[in-house]
Amino acid sequence: MLQVAGLSAHYGRAHILDDVGFTVGAGEVVVLLGRNGAGKSTTMKAVMGLVPPSAGSVRFLDAEVVGQPPFRIARAGLGYVPEERRIFTELTVLENLEVGRQKPREGLAPWTPERLFELFPSLGAMRDRPGGRMSGGEQQMLTIARTLMGNPRLVLLDEPSEGLAPVIIERMAHAIRALKSEGLSILLSEQNLHFARLVSDRAVIIEKGRIRWSGSLAALMDAAEVREQYLSV
Amino acid sequence: MSVVLEVEGLAKSFGGVRAVQGVGFAVDAGEMLALIGPNGAGKSTCFNMLNGQLRPDAGRVRLLGRDITGMVPRRVWRLGVGRTFQITATFGSMTVRENVQMALLSHAGRLLHLWRPATDAFVAEADALLARVGMAEQADRVSAILAYGDLKRLELAIALANAPRLLLMDEPTAGMAPRERVALMELTAGIARESGIAVLFTEHDMDVVFAHADRIIVLDRGRLIAEGAPPAVRANPEVQAVYLGAGLVHG
Amino acid sequence: MEDLLIQALNGLASASSLFLVASGLTVIFGVSRIVNFAHGSFYMLGAYLGWTLVTRLPEGLAGTPFGFWGGVLLAALITGLIGMVVEMLLLRRIYGSPELFQLLATFGVVLVVQDLALMAWGPQDLLGPRAPLLRGSTDLLGLRFPRYELFLICVGPVVLGLLWLLFHRTRWGRLVRAATQDREMVSALGIDQRRLFTGVFFLGSLLAGLGGALQLPRESVNLHMDLAIITEAFVVVVVGGLGSLGGAFLAALLIGELHAFGILILPKITLVLVFLVMAVVLVVRPHGLLGRASAPVRGAAAAPDPPVGPTPRPLVIAGFAALALLIVVPPFLRDYEVSILVDLAVFVLFAASLHFIMGPGGMASFGHAAYFGAGAYGAALLVKHLAAPMGIGLAAAPLAAGLLGLAFGWFCVRLSGVYAAMLTLAFAQIAWSVAFQWVEVTGGDNGILGVWPAAWANTKLVYFYLTLALCLGGTLLLRRVVRAPFGMALRAQRDSTLRAEAIGIDGFRIRWLAFALAAAMAGIAGGLFAYAKGSVFPTYLAISRSVDALLMVLLGGVQTLSGPILGAIGFAGMQEQLMRASDLWRLIMGGVIIALVLFFPQGLAGAVRRLWEGRRA
Numbered sequence: 001m002l003q004v005a006g007l008s009a010h011y012g013r014a015h016i017l018d019d020v021g022f023t024v025g026a027g028e029v030v031v032l033l034g035r036n037g038a039g040k041s042t043t044m045k046a047v048m049g050l051v052p053p054s055a056g057s058v059r060f061l062d063a064e065v066v067g068q069p070p071f072r073i074a075r076a077g078l079g080y081v082p083e084e085r086r087i088f089t090e091l092t093v094l095e096n097l098e099v100g101r102q103k104p105r106e107g108l109a110p111w112t113p114e115r116l117f118e119l120f121p122s123l124g125a126m127r128d129r130p131g132g133r134m135s136g137g138e139q140q141m142l143t144i145a146r147t148l149m150g151n152p153r154l155v156l157l158d159e160p161s162e163g164l165a166p167v168i169i170e171r172m173a174h175a176i177r178a179l180k181s182e183g184l185s186i187l188l189s190e191q192n193l194h195f196a197r198l199v200s201d202r203a204v205i206i207e208k209g210r211i212r213w214s215g216s217l218a219a220l221m222d223a224a225e226v227r228e229q230y231l232s233v
Numbered sequence: 001m002s003v004v005l006e007v008e009g010l011a012k013s014f015g016g017v018r019a020v021q022g023v024g025f026a027v028d029a030g031e032m033l034a035l036i037g038p039n040g041a042g043k044s045t046c047f048n049m050l051n052g053q054l055r056p057d058a059g060r061v062r063l064l065g066r067d068i069t070g071m072v073p074r075r076v077w078r079l080g081v082g083r084t085f086q087i088t089a090t091f092g093s094m095t096v097r098e099n100v101q102m103a104l105l106s107h108a109g110r111l112l113h114l115w116r117p118a119t120d121a122f123v124a125e126a127d128a129l130l131a132r133v134g135m136a137e138q139a140d141r142v143s144a145i146l147a148y149g150d151l152k153r154l155e156l157a158i159a160l161a162n163a164p165r166l167l168l169m170d171e172p173t174a175g176m177a178p179r180e181r182v183a184l185m186e187l188t189a190g191i192a193r194e195s196g197i198a199v200l201f202t203e204h205d206m207d208v209v210f211a212h213a214d215r216i217i218v219l220d221r222g223r224l225i226a227e228g229a230p231p232a233v234r235a236n237p238e239v240q241a242v243y244l245g246a247g248l249v250h251g
Numbered sequence: 001m002e003d004l005l006i007q008a009l010n011g012l013a014s015a016s017s018l019f020l021v022a023s024g025l026t027v028i029f030g031v032s033r034i035v036n037f038a039h040g041s042f043y044m045l046g047a048y049l050g051w052t053l054v055t056r057l058p059e060g061l062a063g064t065p066f067g068f069w070g071g072v073l074l075a076a077l078i079t080g081l082i083g084m085v086v087e088m089l090l091l092r093r094i095y096g097s098p099e100l101f102q103l104l105a106t107f108g109v110v111l112v113v114q115d116l117a118l119m120a121w122g123p124q125d126l127l128g129p130r131a132p133l134l135r136g137s138t139d140l141l142g143l144r145f146p147r148y149e150l151f152l153i154c155v156g157p158v159v160l161g162l163l164w165l166l167f168h169r170t171r172w173g174r175l176v177r178a179a180t181q182d183r184e185m186v187s188a189l190g191i192d193q194r195r196l197f198t199g200v201f202f203l204g205s206l207l208a209g210l211g212g213a214l215q216l217p218r219e220s221v222n223l224h225m226d227l228a229i230i231t232e233a234f235v236v237v238v239v240g241g242l243g244s245l246g247g248a249f250l251a252a253l254l255i256g257e258l259h260a261f262g263i264l265i266l267p268k269i270t271l272v273l274v275f276l277v278m279a280v281v282l283v284v285r286p287h288g289l290l291g292r293a294s295a296p297v298r299g300a301a302a303a304p305d306p307p308v309g310p311t312p313r314p315l316v317i318a319g320f321a322a323l324a325l326l327i328v329v330p331p332f333l334r335d336y337e338v339s340i341l342v343d344l345a346v347f348v349l350f351a352a353s354l355h356f357i358m359g360p361g362g363m364a365s366f367g368h369a370a371y372f373g374a375g376a377y378g379a380a381l382l383v384k385h386l387a388a389p390m391g392i393g394l395a396a397a398p399l400a401a402g403l404l405g406l407a408f409g410w411f412c413v414r415l416s417g418v419y420a421a422m423l424t425l426a427f428a429q430i431a432w433s434v435a436f437q438w439v440e441v442t443g444g445d446n447g448i449l450g451v452w453p454a455a456w457a458n459t460k461l462v463y464f465y466l467t468l469a470l471c472l473g474g475t476l477l478l479r480r481v482v483r484a485p486f487g488m489a490l491r492a493q494r495d496s497t498l499r500a501e502a503i504g505i506d507g508f509r510i511r512w513l514a515f516a517l518a519a520a521m522a523g524i525a526g527g528l529f530a531y532a533k534g535s536v537f538p539t540y541l542a543i544s545r546s547v548d549a550l551l552m553v554l555l556g557g558v559q560t561l562s563g564p565i566l567g568a569i570g571f572a573g574m575q576e577q578l579m580r581a582s583d584l585w586r587l588i589m590g591g592v593i594i595a596l597v598l599f600f601p602q603g604l605a606g607a608v609r610r611l612w613e614g615r616r617a
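Chains as they are written, first to last, in the UniProt record's numbering: chain A, 1 to 233; chain B, 1 to 251; chain C, 1 to 617.
Do not take every clue at face value.
Think about it this way: if two alpha-carbon atoms lie no more than 20 Å apart in a straight line, the pair counts; the simulated EDC-like pairs of lysine to aspartate or glutamate are [what the hints assert, rightly or not]:
(1) Lys-533/C to Glu-337/C
(2) Lys-384/C to Glu-440/C
(3) Lys-208/A to Asp-150/B
(4) Lys-208/A to Glu-194/B
(5) Lys-533/C to Glu-257/C
(6) Lys-268/C to Glu-257/C
(7) Lys-103/A to Glu-182/A
(8) Lys-460/C to Asp-583/C
(9) Lys-103/A to Asp-343/C
Selected chain C positions facing chain A (Cβ under 10 Å, derived; list incomplete) [stated by the list, open to error]:
(10) Gln-181
(11) Leu-325
(12) Val-329
Read the hints as simulated data drawn from the structure, not as lab findings. Keep in mind that this is a model prediction, so the values were computed, not measured. Here a beta-carbon is modelled for each residue, glycine too, at the ideal position from N, C-alpha and C.
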């Protein structure tokens, strides 16, 4: 579904991504693991067209998306949930969802606010509340819901557990599993290995802008030296 | 051990919503006290009232027995309260050393000097502080391009510049890799014990909290719901229900 | 009593027109965060286009309701399209630039439009026709009141209502509100933000054009409409709270009525009154009547300033070489050329003083001329009333300006960003009004004459050396201060207010003293300028001089200490040359400014530095 190959990016003269390559299959949850500053967020932004890559290719549903503006990539069915939430604080929950709405996609049951409130019940109780008056956990749910309104086939989830209470993270894991069971593909970036284990099929480890290891989650849990070396756990 | 910070009956409302109500606790010299709770429980509000960024509606904050309630942040700092922020705040256009020099110049009351270049002031002192947090080699780099973990250590060095009695650390390890977290907290705990500094920190990484806190207080919806040693707090069913969950996402 | 009622209704009608223009400005600002100087030009274009469409109608349509109203609407529509084109060709390319650079670009548009309008419609005032169907007056509460005014009174609330519906009840409006906060996120959600922005510019410009065209039956169309309306519209938008439509409406009512009654009661100080009200509102509510503190816009963040290092060696050498030339060459120049050098030296210090608060301080001032003027008047008043010698006059200049800076700065440095800039503008306008209207003391429009240098400095050459010494000294002092603890504290509070407060830096005090120091330096420049010209006039503190200083600093580059020096020389030199060489100097100047913004977004000094660093890398 998503094929990233040879992706590089620069910030000034510094290399921040160097020959990054991985794939995400249909219905698969892949987690990008790595330290802060390793290149996880930049990878996601480069895939989404928010950071211009200096080389490489990103193919989504067999079409090249490098060089396309972000809105076209989003319309092609790639959803993006940024770190730091970035909800529209002046808009209500329903209005936030409205901004994310796109046309239904063939073969997918379109997301509606009502369906999303089933997935995230706490949002349903505050439909008309401005986004700025919600707690961090609620805001995180809203960003995911807002992206789902675009009926994506694949979602990029950038550090959804960051700064959240353990109970909320557990709820988040539930929601992600539910989405996976609906057939949604997900590329997750994480530092919390406990959380990544709960939801992912495969892991890709990135360090200083390069892919250092990839394999199944089970293989990662067996490879203590890999975890030690790149994730310092 | 002597009490450094005493808080009693602290309360604050925003537009009718009670963010913090009736919170009281104390921190001893050399002690690491963790403040945990769900998002929106009032941790940041609480923190901001301690260093004067917010004025409490009610309650008292005492530092070494002296009432500092409602003082502006810079006065609180002068009395010996250092602070690090959840989202790091450093002077991006300055080098790492200049960031620390700035704090030292402020401590020495020399901010209004107009002639001698600031970069020549307190060089040795700044470098000593940077060495203490393991940042000596990066002293000449611009702080805007530092890696996240290094920014956190720089913040610690800045906070230590006026020989504080109390350190307030808002999510000190957010955004760091597990081992970096451990390293930073060990560094902090070492400095705290060595210099008798009281440390109050908020944190979402339970591995960090349970490994480094001497004591934990738990906030939920603006109220203190539990207080005690880590094992007791961990076993507390109410804390599990509102915050810790089933323990799936921490070690 | 009757007069009062008539004035009140007049005020309401003015308020409606003002609101039309201000609403467009505030909507554009909300989304693009561009403070659009060219908005006044769109208003003027709307009026001119309306005049052409309405008066040059083919036989049979002229004078008919369809002809008039169709012409007005068409003029608004065309203005909207022009705004769209400006957005697509120019502004779209600079959304990532610093706020003040965008401002500079739109100011370039103002200059270009002024000359284009002059070419198309000529310098004379044009009178528009009365509005069909709304001629004559209506009896209202026993008074005869012009129907057209009544119509205008209704237009404001209707437009406000329509805009509210547009922004809260349509998908497009919600997208615009979302983009106001985080444009990058909006585009990542599948929305073409470029079309959204272009649409907003169309709407905003259309409102400005409509406002202009609707003025046809009320007043004549002329080439000064643009700057006159933009100043008022800025006041309205800022008093109302940037980005707030409701606030703009309230503020328009307030300002409209203030004008109407001000003219009745205190005609002399109407202008002061308006700016005084703005100052009071901003001091009490730093974000305007209905405005809120806005989070920084995502997807438009500027990189932090580069650190201030030691002056590079080649620059020191170049500086000494230039100084040597300035000492050796002038004896061989003609008096006229030497006096140009005097002006340049004065502008270098003036620009450097503004740069001090804009660059290291991170505050924008739109009213820096006030302190330049205070220095000039400080010296001239002593000469006029006490026959003080030049030494005393030149000492009084920084003192007067510094004291004024302490007084005005105490208010201004509490605010930030555009609000602070507007408050500085307000105070400068107040200072200008005092100089202009307190005729007994300042001589009003005629200024103060006979401010000549002492006998020993009364040749152009000696005076030049004196000016050079003082201006160079002042400029170098400011450079020194930037590197001293005070300057570093100033940069610290700019980089992070939060951190600065947390390590005991009193940001307010630092900014305040820096503001006063910059004012004192501008005062020295003003004092020297007064003795160089032998006279002072209210134009020394006019908006245009403040804008000149701003242009110098921005052209040079805010991020480098050498920027203001290069900028002052480049700008003043260019202006001087152009005004002598061509009637179309505004057009050329505007074009040059736009080109600079597009191709040298970090100013002249920034471009040189880049070239230099690029070569070494």
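So, going through the hints one by one against the coordinates:
no.	hint	in the structure
1	Lys-533/C to Glu-337/C	14 Å, holds
2	Lys-384/C to Glu-440/C	12 Å, holds
3	Lys-208/A to Asp-150/B	15 Å, holds
4	Lys-208/A to Glu-194/B	35 Å, violated
5	Lys-533/C to Glu-257/C	41 Å, violated
6	Lys-268/C to Glu-257/C	16 Å, holds
7	Lys-103/A to Glu-182/A	19 Å, holds
8	Lys-460/C to Asp-583/C	29 Å, violated
9	Lys-103/A to Asp-343/C	63 Å, violated
10	Gln-181	5 Å, holds
11	Leu-325	37 Å, violated
12	Val-329	41 Å, violated
Consistency note: the structure conflicts with the earlier hints numbered 4, 5, 8, 9, 11, 12.
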